[in-house]
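Undergrad: Sequence:
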Amino acid sequence: MVTHMPTHTDTEFIGSAEVCRILKVHQATIGRWVAAGDLEPAHKLPGKNGAYLFRRSDIDELAAKRAAEASE
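Number 72 marks the last residue of the sequence shown (our numbering); no jumps.
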């Protein structure tokens, strides 16, 4: 039996729910940031309401920046 071994690509992209958890913001905030061009998704899934996927590294970087700004 072959088990799935996680690879870097398994965690490279994350969905909006995970972004919300990391940044501690509401889902609507993510949508506003994307619409305003303040947050760029790496991919958008097909369809009018297709989910956005974000690079984990971009979100981690943004979280660190927000934490640094909050501590100033």
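These are computed hints drawn from the structure, not numbers from a lab.
There may be inaccurate statements among the hints.
To be verified - Below 30 Å or equal to it, Euclidean Cα-Cα: the simulated BS3-like pairs (lysine-lysine) are:
#: 1; residue 1: Lys-24; residue 2: Lys-65
#: 2; residue 1: Lys-24; residue 2: Lys-48
#: 3; residue 1: Lys-24; residue 2: Lys-44
#: 4; residue 1: Lys-65; residue 2: Lys-44
Undergrad: A separate judgement is required for each hint: does it hold in the structure or not?
TA: Quick rundown of the hints versus the structure:
no. : hint            : verdict
1   : Lys-24 / Lys-65 : 13 Å, holds
2   : Lys-24 / Lys-48 : 26 Å, holds
3   : Lys-24 / Lys-44 : 22 Å, holds
4   : Lys-65 / Lys-44 : 24 Å, holds
Violation of the numbered hints given earlier is absent; every hint is satisfied by the structure.
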